[in-house]
Amino acid sequence: MRDSNGRRIRMGINMCLKIVSRCCVAGVGILVCAPLLLLLSGSLADGIEWNRRIQPLLRDSQEYIEWKWIPDYPTLENYKELLFYAPDFLVLFWNSVRMSFCILTGQFLVGVPAAWAFSVYRFKGRGVLFSIYIVLMLLPFQTTMLAKYLVLDGMGLTDSQWAVILPAVFSTVPVFLIYRGFQGIPGELLEAAEMDGAGQWDIFRRIGLPLGESSITAAFVIGFFEVWNMVEEPLAFLKSMPLWPLSLFLSQVGPQQAGRACAASAVTLAVSLFVFGMFRDSLEQGIVASALKM
Amino acid sequence: MKLRRHWSCTLRNRRELRRAKRFLFLLPSLVGVSCFVLLPFGQVTVSSFFTVLTGKFVGLRNYGEVFQNAAFGLAAANTARFIAVGIPLLLAGSLGLALMIHGISKPDKYKYLYLLPMAVPAATMALVWKLLFSGQGFLNRILGTHVDFLGQGSAFFILVGSYIWKNLGYTMVLWLAGLKSISDGILDAAKVDGAGKVKSFFLITLPCLKGSLFTIFVVSLLNSFKAFREVWLVGGAYPQRDIYMLQNVFYNWYVNLEQDKLAAGAVISAVILGTVSLLLQRLWDSGDR
Numbered sequence: 001m002r003d004s005n006g007r008r009i010r011m012g013i014n015m016c017l018k019i020v021s022r023c024c025v026a027g028v029g030i031l032v033c034a035p036l037l038l039l040l041s042g043s044l045a046d047g048i049e050w051n052r053r054i055q056p057l058l059r060d061s062q063e064y065i066e067w068k069w070i071p072d073y074p075t076l077e078n079y080k081e082l083l084f085y086a087p088d089f090l091v092l093f094w095n096s097v098r099m100s101f102c103i104l105t106g107q108f109l110v111g112v113p114a115a116w117a118f119s120v121y122r123f124k125g126r127g128v129l130f131s132i133y134i135v136l137m138l139l140p141f142q143t144t145m146l147a148k149y150l151v152l153d154g155m156g157l158t159d160s161q162w163a164v165i166l167p168a169v170f171s172t173v174p175v176f177l178i179y180r181g182f183q184g185i186p187g188e189l190l191e192a193a194e195m196d197g198a199g200q201w202d203i204f205r206r207i208g209l210p211l212g213e214s215s216i217t218a219a220f221v222i223g224f225f226e227v228w229n230m231v232e233e234p235l236a237f238l239k240s241m242p243l244w245p246l247s248l249f250l251s252q253v254g255p256q257q258a259g260r261a262c263a264a265s266a267v268t269l270a271v272s273l274f275v276f277g278m279f280r281d282s283l284e285q286g287i288v289a290s291a292l293k294m
Numbered sequence: 001m002k003l004r005r006h007w008s009c010t011l012r013n014r015r016e017l018r019r020a021k022r023f024l025f026l027l028p029s030l031v032g033v034s035c036f037v038l039l040p041f042g043q044v045t046v047s048s049f050f051t052v053l054t055g056k057f058v059g060l061r062n063y064g065e066v067f068q069n070a071a072f073g074l075a076a077a078n079t080a081r082f083i084a085v086g087i088p089l090l091l092a093g094s095l096g097l098a099l100m101i102h103g104i105s106k107p108d109k110y111k112y113l114y115l116l117p118m119a120v121p122a123a124t125m126a127l128v129w130k131l132l133f134s135g136q137g138f139l140n141r142i143l144g145t146h147v148d149f150l151g152q153g154s155a156f157f158i159l160v161g162s163y164i165w166k167n168l169g170y171t172m173v174l175w176l177a178g179l180k181s182i183s184d185g186i187l188d189a190a191k192v193d194g195a196g197k198v199k200s201f202f203l204i205t206l207p208c209l210k211g212s213l214f215t216i217f218v219v220s221l222l223n224s225f226k227a228f229r230e231v232w233l234v235g236g237a238y239p240q241r242d243i244y245m246l247q248n249v250f251y252n253w254y255v256n257l258e259q260d261k262l263a264a265g266a267v268i269s270a271v272i273l274g275t276v277s278l279l280l281q282r283l284w285d286s287g288d289r
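Going line by line, the protein sequences match chains E and X. Per our numbering: the first sequence = residues 1 to 294. Per our numbering: the second sequence = residues 1 to 289.
What the hints contain is simulated information worked out from the structure, not anything from laboratory work. The reader is advised that the hints may include incorrect statements.
Unchecked claim - With a Cα cut of at most 20 Å, we get these calculated EDC-like pairs of lysine to aspartate or glutamate:
1) X:K197 to X:D184
2) E:K239 to X:E258
3) E:K18 to X:D108
4) X:K21 to E:D196
5) X:K226 to X:D242
6) X:K130 to E:E49
7) X:K130 to X:D242
8) X:K56 to X:E258
9) X:K130 to X:D148
10) X:K180 to X:D108
11) E:K124 to X:D285
12) X:K226 to E:E233
13) E:K18 to X:D184
14) E:K239 to E:D88
15) X:K21 to E:D202
16) X:K226 to E:E226
17) X:K180 to E:D281
18) X:K199 to X:D184
19) X:K21 to E:E191
20) E:K239 to E:D159
21) E:K80 to E:D46
22) X:K210 to X:D285
23) E:K80 to E:E49
24) X:K21 to E:E194
25) E:K239 to E:D153
26) X:K109 to E:D281
27) X:K210 to X:D184
28) X:K111 to E:D281
29) X:K199 to X:D188
Please read these numbers as outputs of a predicted model, since none were measured by experiment.
Chain X with its partners taken away, still in its complex shape (with noise of 0.2 Å):
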């Protein structure tokens, strides 16, 4: 870091020059960001305070209907929740898996089994749940019963399964990473003090990895979004209740052209994870000093 900095301190005579050019590297992503998302979007943030109608100014009405809206709610709740339970389950998971497979030898071969979820299309997914889960599926078969697993409660955990099924190998290499750049020294010092496995892994192991959480973190969280594939290929536009998700909503409002509504839940939903994303990096910022 220091080095970077004093690489640029150099420069600094020349800068004026060097400036412009510099910024061609950075202009085209720029540009392109601008004119697809960040200049729309303030037109959004600002219409969704009018009425897209008559485009009178309506204040914070718009957000008003958005809370008070039950599909939103339902919506809101569900998504929490799969955040919630889908990725602490993923994480630990997939830590678990990395500290086996980083005990073993000759690894490679496993890691791309694990790999090859990412590889698999969401319509084959799909079509797969549909054939295990479904009344007259491979699972009721086993079990001899006739439950239809995707239309009730248990929908929701097999989001979830299918959410970990695809992502298990991909955060396993990022812990697996991490875990490479723990210095055997360090464990083995630990050892001679005489600290047993599992206390070298609360005090050693897992503070050396808080460094590759974030990645790890972000990557998740992205990829929890990416869920709704499954549930619009296997539901529709309005699946079973515990998987109804936020996107269901946002683009149901978007078919039915309710643009008010559209508008004030965008806005909802990017000050929410711009703020908990805004929040992550302070945390990982901090962690650093």
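The following block holds chain E by itself, in its conformation from the complex (with noise of 0.2 Å):
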């Protein structure tokens, strides 16, 4: 009788707990995205009500910055200005368009194989290479920018979009996050397609892409990010703004145009979305790949 009793109380309190958990981890993940559902609505209010609720931040009263969820009277005007009125806004779109499809082409050329080379391949001096591989990756843009400046200036490169593209093609990030997923693949399997007569193209080609497919697609998505939050890099090597991506044109755009900032904040977010999206599963498997160390 008192087993069951103290068996019931036990199941009672982890029910407890798991209502709980349930709660924060739901709890959390609203606040987590908050600031973007502000942001939406920020971006439906007009000029005018923006001009009423900015005014404190910009006469630096004693008032607060009003911020509703829904605005008084919701409008498209803020888009169709930046997409059809603000030629500046579309230069620099297109620009972050072509320079991360330039950027991320370039890594899947370039970093693909040297990941499959350090996955699978044991040569002389292996190891030590890919700790500098590590380094590199972990040196924060700051450290070589000096660096860097100094190859692009003698190729006569600086203030052209290719400052940027190059040294980004040849980042060591998406080689370490793709090598992880490389060596999950068996090494029975390559042996097998080796006695079989594969070349070692064929084997790249028909095993490694397929196989490593996953953690390809999240390496690139994750670059996708970061290269279309560029910040650092065009800061430093474009002095002239119709060559910007539009990661820097959002730093430029004062609070009297806050519909405005939010708008191009939800234009740049929503491809960021619609990638996330349309690759959320793959990232997820792609991560996950990347944390098993075999």
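Now that you have both chains on their own, put them together as the hints suggest.
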């Protein structure tokens, strides 16, 4: 009798714990996403409303910025203005698209084979070289900024978009992330393919690429967020504004144009979210693959 | 691991021919990395012992100047503090969250919710910061005060908060991967042997997660340097004292053409990070055996 009571109590406690942890998880999750909702609602408020809301900030008065979940007169005016009447925005938007595309393509062509070589082949100096790659991966941009500048200056590439694209193509971050994914491919499989007379290139293409797909995708989704968000590199190497990516444009919009800034943020975010939504499953699988040590 | 080595052994006879071919996989990356980072960095290292203007050899004078530089000292302390506070908080918080999510059924929708901040551009974050924490902002409205949270010491904690906000989901998924790889059998066996939840967490779960720790730590460290974007977008070249990071110092030297200090500073930071990373790898490898 006592035993079953004890069990019931224990089950009750377990149940409570489960509910509490579920609430915690959901609550923190909502907290995590709240700023995004604020931003989206902000982008729907028109200029007049924003003027009224933002006045305290400009006049430095004792009132507060007003922030509503739903604007008084929801409108798409900000988006219309941004997408149709602000040519600079579009220029920078396409700059971002172009640079992201070039960088990611380059990283794919350079980084994936390198990761394959590190993960599958045993050659002299492999350990040392891979250590160097990891160190390079960890170095913040500012550490290698001068070195990169010297090369780019020597090549006459400063103040052109290649100055941002070329060094980023040879980033070692994707090599590390994809390497972990390739490590998960069993050695027997490669051995069998080798026995059957498959060439190195065929093994890479027919076995490596398909089996490493999720970690490759994850590395590139992460890489995309990175490139889409670039601040440091263009800041250091691009002097003229028409060459800038969108991520720098956002830093130029003052609080006077808060509605526009919100809309621009929302557009930037929308692209990221689209990529996130398309690849979220492989993103997660790829991250998982990178965490497991073989 | 063994099989892999065995596989490469069987190839020994054809090695000479294959070696060149294999090397082609690595070659483009190696050439690019050497050309854009390694070689010029070597040049920077050499130049850090000379003055830029006259090309005179000055030994370690540039290094001395960097270490005596007040801005560098402040920024190094801030960066160290940021890493020391941010990373443990992030690791602990995300582990806690991962344990909670691991326990509930159908965790997928929550996972995506947490991964979402990864996609948020830094500039968007900067805007949200301003609207939330400025003197007339949202937080002051709730508190009924007029404190400029970005203009005083609290800016540091806002920075830590936004770092955690951004990386919580990513780190959590990494932990979850580790948690999933622990077989239920071990945990059940521990339960049968009378180990409580707390005990089996510390004696089984945590040691098993040690394998994931390397990647998680490396990625968190890597991302901690990216918090500079928010600093830059909110505060520009000279942000509030407590969030004045090493990256700010370097960038300001770069803009002011102080190449001597920049070269010496770059070498110092590369040496420190290189040592840390090599130590980590050493620890990681010795944990295997």
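(request) Would you pick out the hints that fail for this structure and give their numbers low to high? (result) none
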